[in-house]
Amino acid sequence: MGRKWILFVLLVLLFAPMLALAGGDQEAAQEQVTLQLFRWGSGPGKAAYDAAFARFEMDHPGVTVEMSDVSWGEFVDSMVKFQMAESLPDIVAQYDATIGSFVSFGSLLDLTPYLPEGFKEEFYPGQWDHPVVNGKPYGVTFRNGAHVLFYNVDMFRDAGVDPKGPATTKDVVEAAIACTVDNNGDGTPEQYGYMDAYGDEEGYHQLRSYMYASGRNLVNFDTMEATMNMPEGIAALQMLVDLNVKHKAVPAGALGKAHTLRNEEFANGLGAMVEGGNWIEASIRDAAAGFEYSAVLLPYNSDFVDTQMGGSAAFVAHSVAANSEHPELAAALIVEQLGEAEFIAEYCEARNLLPPRIDVATTNPYWSKGLWPVYVKATTVPNYHALPKHPKVVELSKIMRLAIEKAMMGQATVKEALDEAAVSWNKIK
Amino acid sequence: MRELPACAFFLFCFILTYGYDREMMKPKPLRSNTLGYIFVLPTLLVIMLFIGFPMVRGINDSFRDIELTSGREVKYIGFENFRNLFQDPVFSISVRNSFIFVITSVSFHLVLGFLLALALDRSIVGRLFFRTVNLMPWAMSGVAVAMIWIWMYHPQLSPINDILKSLGIIKKELVYLADPKSAMISVLIAHNWRTFPFAFIVLLSGLQMIPGQLYEAADIDGASGAQKFFRITIPQMLSIVLTVALLDFMWTFVYFDLPWVMTKGGPINSTHLMTTYVYEMAFRFYKFGKAAALSVCILVINFIVAMVYIYFSRKAEAMNE
Numbered sequence: 190m191g192r193k194w195i196l197f198v199l200l201v202l203l204f205a206p207m208l209a210l211a212g213g214d215q216e217a218a219q220e221q222v223t224l225q226l227f228r229w230g231s232g233p234g235k236a237a238y239d240a241a242f243a244r245f246e247m248d249h250p251g252v253t254v255e256m257s258d259v260s261w262g263e264f265v266d267s268m269v270k271f272q273m274a275e276s277l278p279d280i281v282a283q284y285d286a287t288i289g290s291f292v293s294f295g296s297l298l299d300l301t302p303y304l305p306e307g308f309k310e311e312f313y314p315g316q317w318d319h320p321v322v323n324g325k326p327y328g329v330t331f332r333n334g335a336h337v338l339f340y341n342v343d344m345f346r347d348a349g350v351d352p353k354g355p356a357t358t359k360d361v362v363e364a365a366i367a368c369t370v371d372n373n374g375d376g377t378p379e380q381y382g383y384m385d386a387y388g389d390e391e392g393y394h395q396l397r398s399y400m401y402a403s404g405r406n407l408v409n410f411d412t413m414e415a416t417m418n419m420p421e422g423i424a425a426l427q428m429l430v431d432l433n434v435k436h437k438a439v440p441a442g443a444l445g446k447a448h449t450l451r452n453e454e455f456a457n458g459l460g461a462m463v464e465g466g467n468w469i470e471a472s473i474r475d476a477a478a479g480f481e482y483s484a485v486l487l488p489y490n491s492d493f494v495d496t497q498m499g500g501s502a503a504f505v506a507h508s509v510a511a512n513s514e515h516p517e518l519a520a521a522l523i524v525e526q527l528g529e530a531e532f533i534a535e536y537c538e539a540r541n542l543l544p545p546r547i548d549v550a551t552t553n554p555y556w557s558k559g560l561w562p563v564y565v566k567a568t569t570v571p572n573y574h575a576l577p578k579h580p581k582v583v584e585l586s587k588i589m590r591l592a593i594e595k596a597m598m599g600q601a602t603v604k605e606a607l608d609e610a611a612v613s614w615n616k617i618k
Numbered sequence: 575m576r577e578l579p580a581c582a583f584f585l586f587c588f589i590l591t592y593g594y595d596r597e598m599m600k601p602k603p604l605r606s607n608t609l610g611y612i613f614v615l616p617t618l619l620v621i622m623l624f625i626g627f628p629m630v631r632g633i634n635d636s637f638r639d640i641e642l643t644s645g646r647e648v649k650y651i652g653f654e655n656f657r658n659l660f661q662d663p664v665f666s667i668s669v670r671n672s673f674i675f676v677i678t679s680v681s682f683h684l685v686l687g688f689l690l691a692l693a694l695d696r697s698i699v700g701r702l703f704f705r706t707v708n709l710m711p712w713a714m715s716g717v718a719v720a721m722i723w724i725w726m727y728h729p730q731l732s733p734i735n736d737i738l739k740s741l742g743i744i745k746k747e748l749v750y751l752a753d754p755k756s757a758m759i760s761v762l763i764a765h766n767w768r769t770f771p772f773a774f775i776v777l778l779s780g781l782q783m784i785p786g787q788l789y790e791a792a793d794i795d796g797a798s799g800a801q802k803f804f805r806i807t808i809p810q811m812l813s814i815v816l817t818v819a820l821l822d823f824m825w826t827f828v829y830f831d832l833p834w835v836m837t838k839g840g841p842i843n844s845t846h847l848m849t850t851y852v853y854e855m856a857f858r859f860y861k862f863g864k865a866a867a868l869s870v871c872i873l874v875i876n877f878i879v880a881m882v883y884i885y886f887s888r889k890a891e892a893m894n895e
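Respectively, the protein sequence lines represent chains A and B. Quick note, in the numbering used here, the first sequence goes up one by one and the last residue is 618. Quick note, in the numbering used here, the second sequence goes up one by one and the last residue is 895.
One or more hints might be untrue.
Unchecked claim - PhoX-like, lysine-lysine: derived pairs with alpha carbons at most 25 Å apart:
#  : chain 1 : residue 1 : chain 2 : residue 2
1  : A       : Lys-604   : A       : Lys-435
2  : A       : Lys-437   : B       : Lys-755
3  : B       : Lys-745   : A       : Lys-435
4  : A       : Lys-604   : B       : Lys-889
5  : B       : Lys-746   : A       : Lys-435
6  : A       : Lys-616   : B       : Lys-649
7  : A       : Lys-604   : B       : Lys-745
8  : A       : Lys-558   : A       : Lys-270
9  : A       : Lys-616   : A       : Lys-353
10 : A       : Lys-270   : B       : Lys-649
11 : A       : Lys-435   : B       : Lys-739
12 : A       : Lys-616   : B       : Lys-838
13 : B       : Lys-838   : A       : Lys-270
14 : B       : Lys-649   : A       : Lys-618
15 : B       : Lys-745   : A       : Lys-437
16 : A       : Lys-437   : B       : Lys-649
17 : B       : Lys-838   : B       : Lys-755
18 : A       : Lys-437   : A       : Lys-359
19 : B       : Lys-889   : A       : Lys-618
20 : A       : Lys-435   : B       : Lys-755
21 : A       : Lys-353   : A       : Lys-270
What the hints assert, rightly or not - Pairwise CB distance ranges (calculated):
#  : chain 1 : residue 1 : chain 2 : residue 2 : range
22 : B       : Pro-733   : A       : Pro-233   : 58 to 68 Å
23 : B       : Ile-698   : A       : Val-259   : 43 to 53 Å
24 : A       : Pro-233   : B       : Met-714   : 25 to 35 Å
By construction, these hints were calculated from the structure, which means they are not laboratory data. Quick reminder that beta carbons are idealized off the backbone N, C-alpha and C, glycines included.
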């Protein structure tokens, strides 16, 4: 008898929770939809997301939006893991190094059916085109960056260099030499003319930036054939090699430094110039060195063109995952909130980034102050490029990194290194 | 990844041990062993699920064409991945680098570990403090150690450069991680700083297990310090040294985090190991089939080392009997 009571109690305890769940409000439970948004980064800008989610949830009762983010370094790994498990979150951030790959995987949704009439025209054409692959929009750009050349105006003045900033690559080299100062003659300058770094995959960005400024891409965006070994590419890499090796205007060890380090070194007054995205201005402004700085469009090579021809972009877009169970809702979140002026203005202002929407950039006074007109101009030049939208674009960065390393170490001439890079790329494209 | 060679090692040990032991191979009444099987079952299930299944899956993938960015369907291609791998110049660089990395590390661990173990086996003031301090690098994560050493090696901010300059040893700053000639040595120093404590602690334990009577008897016979070291300490420590060396080899061979964080295989692939190349191929280039083939190569190498260990340990057992 005692054992039967024990068995009875055990059975009640086992089944009671199930009965409670069954008796619950199942209808309401079924209507609850949770959208997942996955991105990298944290800190400033999260408030903009929270506000956008709150507005969306109010307009769509029963829908909750949850966001998860990782550090930038983990983002691609996480996305690959999601891809292998075929369980990408409903909305994912995409940028130039990932959009081509994930479109080729079939992971992202073509947003054409979900975009209202006239939506595209609210964006700068070049910035709208960033997540467009094979003519179809696989995302909506919500932030952008422009690569410019920052320079230390104080150092320029002290060295007798025009404080308006360099316009051509020849100006860059002359300014870098003039600003490299070794006061005590020990062979180690106290101040350098140019900050440089190639120790990670992003290190070759400035090579492509200088190429774009001179009217040439790393690859032909239509045929994907390699063009990095064209004269513009050779001249761009030769300039960087000369700055490092011949003129010693760059701190030693550039091959071993992450590209973010050169930004910090510039911000701390170690050197006179650095090529970088406009987002580094915040760290320059906040740095202890407290010097007067300015920025110009990326200098062009006057041997090839008469004016600056293009800039290098760093867009980020929101995309909808093809495996999303609620693609209409996910697309609606992007169209109604994350692609709208209110979110973009709040987010880009908090993160010191360029808004891709024309109305935000032209009417919000934030983007008319300081160096913003330079950045906005950089995004409206004719050839404003991101990376080629090719699934193997990450291998391209490895190929370029190897070419730069060989040229810097003297293991190959610049032409040999870029010819080898072109052969490698054409073999795998 | 660390568990793969260990699992292979123990599996092989089991097969070879019980293959020799005819007594153990005789069937026994099931009932007497049932409880033992039940206790072992959960662990076996976990091992099969988290080690066995991924290993089999990885070996399987090494014979398939899995390249996410190619647009091709996944299909069986036999040994094609291995053929491509053996023709890949970066593969041969990574194999060479891996062996340099492992052999240098193991040698350093054994020599330094042994010397420190000998020094701290005595009763000296602060023995506990020194033992603790020696273990501290081992407690730190590889990534944290990598970040510390990246700053130690910063050409302009490096304290090492400052010290060397102030001593007049160098005139110009050294660029540790930016030069292919010095990058591997720099990574090795950082790696060995973190990992030598394992050898130290095991060798110290081994020294402490040597019966004191052997040394007392040697003292009575008038043996010198060197004679005691070469005639007692070394022979007694041989099997432990061999165990440490082979385990260290297998673990170092699959080491990944510190080299990847410090250099990502550069400059010019001078620090690319087989493990970093596996990672790059899988998670940067999405070539999972080729990455799996490279992982199988790592497994085979560690398997061979495990067999070597088993052969020598059986020989040692036979000699002791």
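Take a quick look at whether Lys-616/A and Lys-838/B sit within 25 Å of each other, Cα to Cα.
-> holds, 23 Å
Mind checking the alpha carbons of Lys-437/A and Lys-359/A for me, to see if they're no more than 25 Å apart?
-> This hinted pair holds, its Cα atoms lying about 16 Å apart.
Compare the distance between the alpha carbons of Lys-437/A and Lys-755/B with 25 Å, and conclude whether the hinted pair is satisfied.
-> holds, 20 Å
Mind checking the hinted window 58 to 68 Å against the Cβ distance between Pro-733/B and Pro-233/A?
-> Violated: the Cβ-Cβ distance is about 34 Å, outside 58 to 68 Å.
Cβ separation of Ile-698/B and Val-259/A, checked against the hinted range 43 to 53 Å = With Cβ atoms ~48 Å apart, the hint holds.
Sort out whether Lys-435/A lies within 25 Å of Lys-746/B, counting only the CA atoms.
-> holds, 16 Å
Going straight from one Cα to the other, do Lys-435/A and Lys-739/B come out at no more than 25 Å?
-> Holds - the C-alpha atoms of Lys-739/B and Lys-435/A are around 24 Å apart, at most 25 Å.
For the pair supplied as a hint, Lys-604/A and Lys-745/B, confirm whether the alpha-carbon distance does not exceed 25 Å.
-> Since the Cα atoms of Lys-604/A and Lys-745/B sit roughly 33 Å apart, the hinted pair is violated (cutoff 25 Å).
Pair hint Lys-604/A and Lys-435/A, alpha-carbon separation not exceeding 25 Å = holds, 17 Å
Hint consistency between Lys-353/A and Lys-270/A [alpha-carbon to alpha-carbon, up to 25 Å] = violated, 48 Å
If you draw a straight line from the CA of Lys-437/A to the CA of Lys-649/B, is it 25 Å or shorter?
-> violated, 52 Å
Quickly compare the C-alpha distance for Lys-616/A and Lys-649/B to 25 Å and report which way the hint goes.
-> Status holds; Cα separation ~22 Å.
Violated hints, listed in ascending order, are 4, 7, 8, 9, 16, 19, 21 and 22; each of the other numbered hints is respected by the structure.
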